[in-house]
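*Asks:* Here are the chains, one letter per residue:
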Amino acid sequence: MKKWASLSIVSMLLLSACGGNAPTAATDSGKKDSGGTEPKQTAQTTQAASGEKKKLSFWYIETGQRKELIEATVQKFMQQNPDVEVEAVQIPNDAYKTKLSVAMGGGSPPDVFHSWGGGWLKQFVSANQVLDLTGKVNSESYVPAAIGAATFNSKIYGAPLAMSVVPMFYNKEIFAKYQLQPPKTYDELLTIIDKLKKENIIPIAMANKTKWPAAFYLMYFAEKLAGPQIFSEAFERTGRTFDDPAYVKAGEMIQDLVKRGAFNPGFNGLTYDTGQSRQLLYTGKAAMEMQTASYVNNVRNEAPDFEKKLGMFPFPEVSGGKGNISNVVGGVSPVFSVAAKSKYPDKAIELIKMLTSQELAQQFSDKTSAISAVKGVEYKDPFAIQLNEMLSKAGYLQTFYDQTLPPDLAELHKDTTQALFGETMTPAEAAKQMEAKAKEILKK
Amino acid sequence: MSSLAEKSTAQVELQKAASSRKPRHTAFIIGFIGPALLIYLTYVIFPIFSTLYYSMFHWSGIESSKTFILFDNYIKLMTDSIFWKTVLNNLLLVVASIFTQLPLGLAMALLLMAPIKGIRLFRTVYFMPLLMSTVALGILWTFIYDPTMGIINQAFDLLGLRSWQMGWLGDSKTAFLAVIVTICWQFTPFYMILFRAAIAGIPDEIYESAKIDGASGWKQFWRITLPLLKPTIVTSSVLSVIGSLKYFDLIYVMTEGGPDSSTELMATYMYKQAFAKFNMGYASTISFTMFVISLIVAIFILTADKNRAQAS
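Respectively, the protein sequence lines represent chains A and B.
Numbering-wise, the first sequence is residues 1 to 444 according to the numbering used here.
Numbering-wise, the second sequence is residues 445 to 756 according to the numbering used here.
Next up, chain B with everything else stripped away, as it sits in the complex (with noise of 0.2 Å):
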């Protein structure tokens, strides 16, 4: 009794302390986190709200009236086929980005790390495509998958594979995969910078032991190197899913999301619902499809790796 009795009043002393302290430390971070957070409640928290608020409407985003129809829009979205082949096209996307942009990332930045000689040149060369502007980038692949002029077609005309070459962006079989490769291209350069950069972090003394111990190369990337980048592993996937569910430019400057929907995005198809047919309210409803889905997945991912932390 006498010892709960005592931890009670420890406890009612330490909140007192915490809250003697509390009024300056609150003026401290209201100081530091106010500004950013006013520009975030204006610019991402309200406009999420604004977006459901439209989707309930029938409205062309022009006109100033509107008609509330509540959950129609969510109710026509649920039956949209062209919707959910976005969805399908989105977690194509995702699946494709982290088993390709992850590993390839990883791979190039072990590269910079080895003792090759001439590595440093390509520290830049594998940089570039994410130093390129994204709309640079699609023009110049649209050329590169250019039927008749490309220089893939024309490569496979050389080897006498004629049989190989492809109308690319042009056939609906075959636009989406190489959309996707030039998206991994662009990418895969931006998680190569945060492996090596995890990389580096790792200590030497780690690796000296290791030696010491007799484990070398294989072995020191699987028990030391991988296990110690997997928070960073995990960064990067929660960055990559979200990424690609909400992933529009290559795609809008390749292809249109054409031919016949075949690479349409969920934002490529609410930006032509919003500005090329004029329905705004089922844009929003899109948008804020997006945006639950988007949340889903990220509590999941990052759940899931709690439980992990917490596990191990």
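The following block holds chain A by itself, in its conformation from the complex (with noise of 0.2 Å):
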């Protein structure tokens, strides 16, 4: 989510973005560069000093409290490991990605790295590029959906600290109102849009000019309808394909919605920072929208009074479908992970587990309302403990498309579902623009 909020200030200050991009990129490339010159230089003062540290690098990509927070956390490794020095670099969102890419394919990754688990981390295990913590780890202080995120052939590769979930988000006045219920399955949904569309409410407030707020429905859709593995399948070429039939008909149920009058009028122009689909549940205009759980923190800061209307329900189960009412879209950020290459393991595994500690994710859900991945938290936050269990309970965890995909097939899975949602494309012309692309760049 956080990439959101960042891209958003990007299109903001586009030229001090521009300016801003090129420096760090150049920065972190000249960190990597003199990674390996700068060790022999620490290597030869602390060996005068007090014999030879443990160099161990982490990357981080959080910003905020939450930076000052892992900071503070590598501070108290260091105190408490004094022959181990962590050199830790926050890398902005967006260049992540790419970056740890090229660290890994040049044989030069960081001991400890930052992940969304999912597909994406996926790719580096398939590469022999990630330590198994098996056992080295406990995973049963994990929630389950968050480890299960950095899971894959039973193996544990990765240890997760926060997580965001998408429910629906309702005026609990307005379904009072006229008696409507959350609705437990996918035609209760269409009788509340259709019972609300009477009465002139606009059922579902959207802003998608960013694109991503709408392709929740996409990957709701999906795993609703084909069962949780389908996109893992289409990812990593095991199966099934990104024009699967069930992707098809996922567009096809976008395209009906959209047809219904579910949406507010021209919401592929509207602009969701600025709240522009916000203010129309703020005002009784409309009643539900979908969004993460950073929701509940807008609401806090743009319109108080408005959050004890407020709600929220799991996305409903669609009749003949394979995917269970308590698998949610959501993520998991951050998963940490060790580098296969790493000098010190040992030393980086105690980190991770220092940095996935109960007092640091309680931390985090205290004052950054951080749902946290790690067991044993208590929440304050009522919306907090709702999400949580949301969470808790449920069986799998479809991580954002575009934190999984490659960034070139994740804009094109993004432009594609804006342009169903305008019916500029039809379902079949976007499920096979899909698929085209991941061939070329899957490669597999």
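Hint data in this document are derived by calculation from the structure and do not stem from the laboratory.
Among the hints, erroneous ones may be present.
Cβ-to-Cβ under 7 Å is the rule here; a few derived chain A residues that face chain B [said to hold, decoys possible]:
#, residue
1, ASN264
2, ASN268
3, THR274
4, GLY422
5, THR424
PhoX-like cross-link-like pairs, simulated, lysine-lysine; straight-line CA separation at most 20 Å [what the hints assert, rightly or not]:
#, chain 1, residue 1, chain 2, residue 2
6, A, LYS259, A, LYS285
7, B, LYS520, A, LYS437
8, A, LYS439, A, LYS155
9, A, LYS184, A, LYS155
10, A, LYS259, B, LYS617
11, A, LYS309, A, LYS67
12, A, LYS76, A, LYS353
13, A, LYS439, B, LYS520
14, A, LYS309, A, LYS380
15, B, LYS721, A, LYS437
16, B, LYS674, B, LYS750
17, A, LYS285, A, LYS198
18, B, LYS721, A, LYS439
19, A, LYS367, A, LYS380
20, A, LYS367, A, LYS67
Predicted model only: the values in this text are computed from it and were never measured.
From the three backbone atoms N, C-alpha and C, an ideal C-beta is built for every residue, glycine too.
Put the complex together from the two separate chains, hints included.
*Replies:* In structure tokens form, the structure reads like this:
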């Protein structure tokens, strides 16, 4: 989610962003280059002082208060392990994916690195670049869906710290007024949509200029129709593909929703970050909106009075579909993994344990309202409690496509989905384009 | 023969005189132009050629390794349907800019010169859009165009014209039109200023003698103002055309090129290729093609103007 937030800032301050992107890339690559020379220097100086220090490099993307918490944890780790020096590098989210791919490909990966789990991490696992952590971290201490995003062939390759999930938020007052209940099945949701439409209320608000808010629907439809494995099979090229009938059907269901008038008019031109969809809910003009857990945070900032009207429910099951209602679209971030090439794997694992400790997870949820991926965190916030419940019950966590796919394909996924919603592309054409690009990029 | 020889000796002398003056002059010229030239070479000329260089590689922009592919990117570009759509959009923007911004700017300038009471207030009002930051302006207009809350659709609602209500920025049929309106709104004041300065520069004597000859009102405008404004109109057209060809900011703020690339321009497409899809080589190809197109158009307009000036 932060990726999108930062994207919006980029769009706001484009020039400064262009100027800002290049220097970070430059300094980052500078750091990477100096990775070869710097250790020599420090080795020499520290050898003279207190024997050789074990040097760990650590890449992460957290910003703001989360960054401070991580930095403090790294400091604490260095105090407890005086023989280890951790070089923690914070990398802007947008550049991170490519940068890590390059470092892995070039054979100089960081010892400890960030990921979102899922298919993206698995690519590196398949390339034998990631250390098997099975038995080295306590899998019992993590929320199953979170550790599941970093588990492949029943082996654990990463430890998660925090999570995000996408429920449908709704206005409880409107639902009560028209005697509506949160739906269990998709047909019930359609009934609600039709009823609200008749009452002249916009059923679902959406602001889709940045293309990611609408992508939730495609992800949910595909998962509810064809079961949780559809995406990983298409991504890993091990079975069904992006032009699978389920993806075409998902596109059809999207266009059916649009034709029904489920959304506010002109949603493809509205900006989520400036609140153009949220104000529809705040003013009672719209009844629902599908968004990530950070929605609560927005409500608190923008319309504190609205919080008591705010409710949420998980995306309903599609009858005849293979996906369970408990399966959610969401994300695990951050997941920390150790590179297979790390010189000091034991120390790296210790660092990971500290970075995913219950203590840090508690601080994350208290200070930054994150959902913890670590068990045993006490939630004081009613929404966090409910979101956490939704997550802890989840049988499968579908990670965000655009964070999982390589950038070129991720962009196409968002472009085609927006076009589906705008009814300027047929579901079959969208699926065909995705599959063609996937064949070209995933090359398997 | 002799006269020819005289001529040639005269020329030689002239050249001598010129060359004797030369050293002092070149020092002078270098002294004045040098610093600016250096900056121009480093930040304008050099990047153009480095763009050409990068456009021949398959390169993500972050990796250190590049693959040399010569003109493959250009071949890909020629078959890229989205790119051609962006070229078409850019041309539409050029046409819209020239045929709305310039006439409107001229009309507003004439209005400001007219002896109307209270016109001074409008001098400020007309100028305001140009003073606003593009990002703020873009966000402001996204709220104006908001289909549910926006002032336009609300006004249609009040007037009972519900069927006129549109999704504006969210509808691929209306989005580009909506953005063009905003762009014109932003830039018309700029041309107004140019025209106002040019009109103020026309000597009053001409108008006075025209009056004596019996020409008034529209006749004065067609026979005096407009012909004397021609150089300004040509300059404005060049500025408008080049500006439209490399336009970026309002589109990025208001639609990000969407929906379904209906408002995508060459510059926004280039940005996406470079920073969202990490195809820096391909983005350089788009960028260089943009440069070539702008160059051709600029040369075309300038030679056309030169021919016109020579003919008259």
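*Asks:* Please go over all the hints and tell whether each is borne out by the structure.
*Replies:* Hint by hint, here is what the structure shows:
no., hint, result
1, ASN264, "holds, 6 Å"
2, ASN268, "holds, 4 Å"
3, THR274, "holds, 6 Å"
4, GLY422, "holds, 4 Å"
5, THR424, "holds, 4 Å"
6, A/LYS259 x A/LYS285, "holds, 19 Å"
7, B/LYS520 x A/LYS437, "holds, 15 Å"
8, A/LYS439 x A/LYS155, "violated, 28 Å"
9, A/LYS184 x A/LYS155, "violated, 34 Å"
10, A/LYS259 x B/LYS617, "holds, 17 Å"
11, A/LYS309 x A/LYS67, "violated, 32 Å"
12, A/LYS76 x A/LYS353, "holds, 13 Å"
13, A/LYS439 x B/LYS520, "holds, 18 Å"
14, A/LYS309 x A/LYS380, "holds, 19 Å"
15, B/LYS721 x A/LYS437, "holds, 13 Å"
16, B/LYS674 x B/LYS750, "holds, 12 Å"
17, A/LYS285 x A/LYS198, "holds, 13 Å"
18, B/LYS721 x A/LYS439, "holds, 17 Å"
19, A/LYS367 x A/LYS380, "holds, 11 Å"
20, A/LYS367 x A/LYS67, "holds, 12 Å"
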